[in-house]
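The chain contents come next:
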Amino acid sequence: MTESRVDVVVIGAGHNALACAAYLAKTGRRVQVLEARSRPGGAAATRAFADGFRVSSGAHLLTQLNPGVARELALDNHGLVPAAADLSTIALAPDDQPVVISGASVRGVSAADQAAYRRFHDQNKRFAKVLDGFFNRPLPSLVQRNWRDNLSLLQLGWSLKRLGKDDMQDLLRVGLINIYDVANEHFDSALLKAAVSMDGVLGAHMGPRSPNTVYGYLYRHMGDYYGMQGPTVVRGGMGAVGQAFAHAAEAAGAVLRCDAPVAEVLLENCRAVGVRLASGEVIRAGVVVSGADPKTTFNKLVGYRHLDAGFARRIENFRARGVSAKLHLALDGLPVFTGLREDQAGQRLLIAPSMDAIELAFNHAKYGEFSPQPVMEISIPTLHDDSLAPEGKHVLSAIVQFAPYQLRQGWAAGKEAFLEQVMAQLERYAPGIGEQVLAAELLTPEDLEAEFGMHGGHWHHGEIALDQALMMRPVPGAQQYATPVPGLYLCSAGSHPGGGVMGVAGRNAARVVMREEKSA
Amino acid sequence: MNSLSRDEAQQRVLQTPFAPRVRKACQVNDWYTWAGYTTANSYEDVGLEYFAARNGTGVFDLSPMTKYRITGPDAEAYLNRLMVRDVRKIAQRRVGYTVWCNDEGMVHDDGTLFHLGDNDWRLCAQERCMDWLCCSALGYDVTIEDETRAVAALAVQGPTSCATLRDLGFEGLQHLKPFAMQAFPFADGEVLVSRTGFTGDLGYELWLEPRHALDIWDALFEAGKHHMIRPMGSKALGIARIEAGFIMAWEDFVPAEQVVRHGRGRSPFELGLDWLVDFDKGHFTGRAALLRERERGSRYRFVRLDVEGNKPAEHSFIQNARGKVVGHVTSAAWCPTAKRNIALASLKMPWGRETDVLFAEIYYTRELHWTRVLAPCRVMQGPAFDPPRRRLTPASDR
Numbered sequence: 000m001t002e003s004r005v006d007v008v009v010i011g012a013g014h015n016a017l018a019c020a021a022y023l024a025k026t027g028r029r030v031q032v033l034e035a036r037s038r039p040g041g042a043a044a045t046r047a048f049a050d051g052f053r054v055s056s057g058a059h060l061l062t063q064l065n066p067g068v069a070r071e072l073a074l075d076n077h078g079l080v081p082a083a084a085d086l087s088t089i090a091l092a093p094d095d096q097p098v099v100i101s102g103a104s105v106r107g108v109s110a111a112d113q114a115a116y117r118r119f120h121d122q123n124k125r126f127a128k129v130l131d132g133f134f135n136r137p138l139p140s141l142v143q144r145n146w147r148d149n150l151s152l153l154q155l156g157w158s159l160k161r162l163g164k165d166d167m168q169d170l171l172r173v174g175l176i177n178i179y180d181v182a183n184e185h186f187d188s189a190l191l192k193a194a195v196s197m198d199g200v201l202g203a204h205m206g207p208r209s210p211n212t213v214y215g216y217l218y219r220h221m222g223d224y225y226g227m228q229g230p231t232v233v234r235g236g237m238g239a240v241g242q243a244f245a246h247a248a249e250a251a252g253a254v255l256r257c258d259a260p261v262a263e264v265l266l267e268n269c270r271a272v273g274v275r276l277a278s279g280e281v282i283r284a285g286v287v288v289s290g291a292d293p294k295t296t297f298n299k300l301v302g303y304r305h306l307d308a309g310f311a312r313r314i315e316n317f318r319a320r321g322v323s324a325k326l327h328l329a330l331d332g333l334p335v336f337t338g339l340r341e342d343q344a345g346q347r348l349l350i351a352p353s354m355d356a357i358e359l360a361f362n363h364a365k366y367g368e369f370s371p372q373p374v375m376e377i378s379i380p381t382l383h384d385d386s387l388a389p390e391g392k393h394v395l396s397a398i399v400q401f402a403p404y405q406l407r408q409g410w411a412a413g414k415e416a417f418l419e420q421v422m423a424q425l426e427r428y429a430p431g432i433g434e435q436v437l438a439a440e441l442l443t444p445e446d447l448e449a450e451f452g453m454h455g456g457h458w459h460h461g462e463i464a465l466d467q468a469l470m471m472r473p474v475p476g477a478q479q480y481a482t483p484v485p486g487l488y489l490c491s492a493g494s495h496p497g498g499g500v501m502g503v504a505g506r507n508a509a510r511v512v513m514r515e516e517k518s519a
Numbered sequence: 000m001n002s003l004s005r006d007e008a009q010q011r012v013l014q015t016p017f018a019p020r021v022r023k024a025c026q027v028n029d030w031y032t033w034a035g036y037t038t039a040n041s042y043e044d045v046g047l048e049y050f051a052a053r054n055g056t057g058v059f060d061l062s063p064m065t066k067y068r069i070t071g072p073d074a075e076a077y078l079n080r081l082m083v084r085d086v087r088k089i090a091q092r093r094v095g096y097t098v099w100c101n102d103e104g105m106v107h108d109d110g111t112l113f114h115l116g117d118n119d120w121r122l123c124a125q126e127r128c129m130d131w132l133c134c135s136a137l138g139y140d141v142t143i144e145d146e147t148r149a150v151a152a153l154a155v156q157g158p159t160s161c162a163t164l165r166d167l168g169f170e171g172l173q174h175l176k177p178f179a180m181q182a183f184p185f186a187d188g189e190v191l192v193s194r195t196g197f198t199g200d201l202g203y204e205l206w207l208e209p210r211h212a213l214d215i216w217d218a219l220f221e222a223g224k225h226h227m228i229r230p231m232g233s234k235a236l237g238i239a240r241i242e243a244g245f246i247m248a249w250e251d252f253v254p255a256e257q258v259v260r261h262g263r264g265r266s267p268f269e270l271g272l273d274w275l276v277d278f279d280k281g282h283f284t285g286r287a288a289l290l291r292e293r294e295r296g297s298r299y300r301f302v303r304l305d306v307e308g309n310k311p312a313e314h315s316f317i318q319n320a321r322g323k324v325v326g327h328v329t330s331a332a333w334c335p336t337a338k339r340n341i342a343l344a345s346l347k348m349p350w351g352r353e354t355d356v357l358f359a360e361i362y363y364t365r366e367l368h369w370t371r372v373l374a375p376c377r378v379m380q381g382p383a384f385d386p387p388r389r390r391l392t393p394a395s396d397r
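Protein sequences appear in the order of chains A and B. The letter at position 203 of the first sequence is residue 202 when you use numbering that gives the first Met the number 0, and the numbering goes up by one with no holes. The letter at position 149 of the second sequence is residue 148 when you use numbering that gives the first Met the number 0, and the numbering goes up by one with no holes.
For the record, the hints were derived by calculation from the structure and aren't laboratory data. Quantities reported herein were computed from a predicted structural model and do not represent experimental measurements. Cβ atoms here follow ideal geometry from the backbone N, Cα and C, with glycine treated the same way. A few of these clues could be false.
[To be verified] Distance windows between CB atoms, simulated:
hint	chain 1	residue 1	chain 2	residue 2	range
1	B	370	A	171	54 to 62 angstroms
2	A	449	B	91	43 to 51 angstroms
3	A	160	B	364	51 to 59 angstroms
4	B	34	A	420	53 to 61 angstroms
5	A	485	B	23	53 to 61 angstroms
6	B	305	A	513	52 to 60 angstroms
7	B	261	A	262	33 to 41 angstroms
8	B	259	A	160	25 to 33 angstroms
Could you build all of it, start to finish, from the sequences and the hints given here?
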């Protein structure tokens, strides 16, 4: 079989992997990116799902893309064009007025709630600033620290201290509790509380009462600090984001190859020296950077046998079971949501009537069942972007929870029934929507795993909870992008800070590789 | 056989299959608990028991030793990743001494690995370690079974042990080489005999079904009647193993899994087991950490000290010529056969070189009167007791 040699092999062409490749290629390294699928972008993807209809098949809104990464990689020059920015979040009520959140202001709630939300929003922005400092660097190792770690700790400690006494105490208090309690502390409106807590549980195996949900909320609201007033819909769907990252990487000099699945990381004398493709082709490299999730990287590509047993156990215990399903509807016309003006339908819509409703929906997931009354985040991108559907037709994309990866009855048996429940729930909020459906597609976590190669179909590559976040992400021993296997690095959502189309993990990883592998 | 019966589960300590005989033989009521089992510290007189193992035959009830049966298509590959030594070099029907480490290269425990057959192994260890064995099994097709209760074991040690066992009917045993094993028929079953032990002398270990335990005990003592046989407890065994220079978990190192304070574990290098570590065999748990240690140097050195005088230097600090504490004794005993006062010690690097002048700070009391002596120590190269008969094959059978 053929054998070639480059400086860096990057496994996968998800947006973080491409960011990492771009930064490394900028330094003059020969970088080869290998993607298993036929298109780059990973879960930032657009594809057809019905005749004439296209949709963002993974992530569907841009909420927290790091502006530094976007600027440094000139993503806007590479085709990242917003179709609509600063979307409002609208919490729907089947028989009442919706609550509309736009940046720091809220409509549809009492004056007291409006003021409370502004305070809440402003404080979270200050917290996000601190988190931004945490996110933009490899976090210090807690056990075997070097001078760099100590300096990092000092700087991070100082950034906390600078919050001032009240904010610092608040952050340390709410950081470990749940969004249910925090929302109750601040607000009266059930819909507003539900909308806030949705941001704490989206993508997570958590209900509003679960610990870590405040951290999840803050994580999702990094965009507030980045200057966004709400999510962005990208022209051409999220695939355009993936493409922009790919173009940026190629412009920097990285070589991208699609349809080239990696079968294993090659080891010699316990060091990573390249990869073997499924085709048998060998590509040797001084450095291997994995954009695959930690479980896939260490269990499938490296193999537990080549790792220390304690480390293998930590990877095995890394929680990465998705609970989010993705619904795609091709619609004959614009659905009519009760209480919603037509010009509001293009915003970010939430079906989550109350925190208890979310918690009850989550309860089922704990026992391996799907939620009979699921909660949803809905986007109708065709209101901003006419390239996705024929004229007059629309596409509805929704993240639906809770759909546990390990469904007790199995998804082969359960998928139809779940789709029925999902449609029934939609019908409660948009009567008649069922008759508008030309085609429907439901991607369960199992489908998402197959489509994007993410273990457990988890879009963060693993739960974002404090025991597997920050300096413990994904696990101690691999938390600074370097792994126990010399020459092998991690660069994607499974690493600090985590998932969402952000690009920070890729950039941090590239910086570590530059520092550690001067010769590569 | 492996699960506890209802009655047993309600007992605070378990009884070994030899318990009726052990209880009868133990005249001084000196017990302790080993891995959940009642075990005799001594039977009658520690000195007599020690000398049985050195001049005749000492019999030690080894049943509480934890025994794991490791089988399955990946058993060898699994063990090779678990252990620091290359287990592929342990031929079938042979036994290998080995240690295993955690990710940081700190020793979990030491033990003996029996290569019973094709991908069929038995690991004998002092401490229980099922958790670590299971954790290490991720990615391997192996079955790990705790057969501690399914296998009764006796150590039969001393210069007349071969003769005793031959009189018991194990004909041809004298040809068994050190670290080899052989099965002998007994009653309606068989007994597996390995030429292994913890005394540093000629000796064997018997592995058998618990239902044969009492018959073997009786037959053994009958056969050993004229070979100066005697049951020995842990205290006598302890002296013998210190004399032979063997380390022991909880005495000379704390099992890595039990260490609470960071840095209190010991690596194989720090226990004088450099010879076991094989960096050329491929990956094993702790390899990266041990490679780093080899490059950067160890923190401690394990030494065997010949201490002047006859006061055992138990728990003593070791000082250098300037009176600075450079380490401590982990186990110590006056060793009658070597006629030396031996101490095993853990010294901070670089102390413990052959030419270093060292002193053991020994405290002892005579009629409530405490005395402190600084006993000069000499670093020994090799164990104090290592008789040729230990390795001689055919084994001496006087």
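Now for the hints, and whether the structure bears them out:
A hinted range of 54 to 62 angstroms holds for the C-beta pair residue 370 of chain B and residue 171 of chain A, which are about 57 angstroms apart. Range check, residue 449 of chain A to residue 91 of chain B: Cβ separation about 45 angstroms, and the 43 to 51 angstroms hint holds. The hint said 51 to 59 angstroms for the Cβ distance between residue 160 of chain A and residue 364 of chain B, and at roughly 56 angstroms that hint holds. Taking 53 to 61 angstroms as the suggested C-beta distance range, the pair residue 34 of chain B and residue 420 of chain A conforms, at roughly 54 angstroms.
Range check, residue 485 of chain A to residue 23 of chain B: about 60 angstroms between beta-carbon atoms, so the 53 to 61 angstroms window is met. Remark: the range hint 52 to 60 angstroms for residue 305 of chain B to residue 513 of chain A is upheld by a beta-carbon distance near 55 angstroms. At roughly 39 angstroms, the beta-carbon separation of residue 261 of chain B and residue 262 of chain A lies within the given 33 to 41 angstroms, and the hint holds. Taken as a hint, the range 25 to 33 angstroms holds for the pair residue 259 of chain B and residue 160 of chain A, whose Cβ atoms sit roughly 32 angstroms apart.
The structure is consistent with each of the numbered hints, conforming to all of them.
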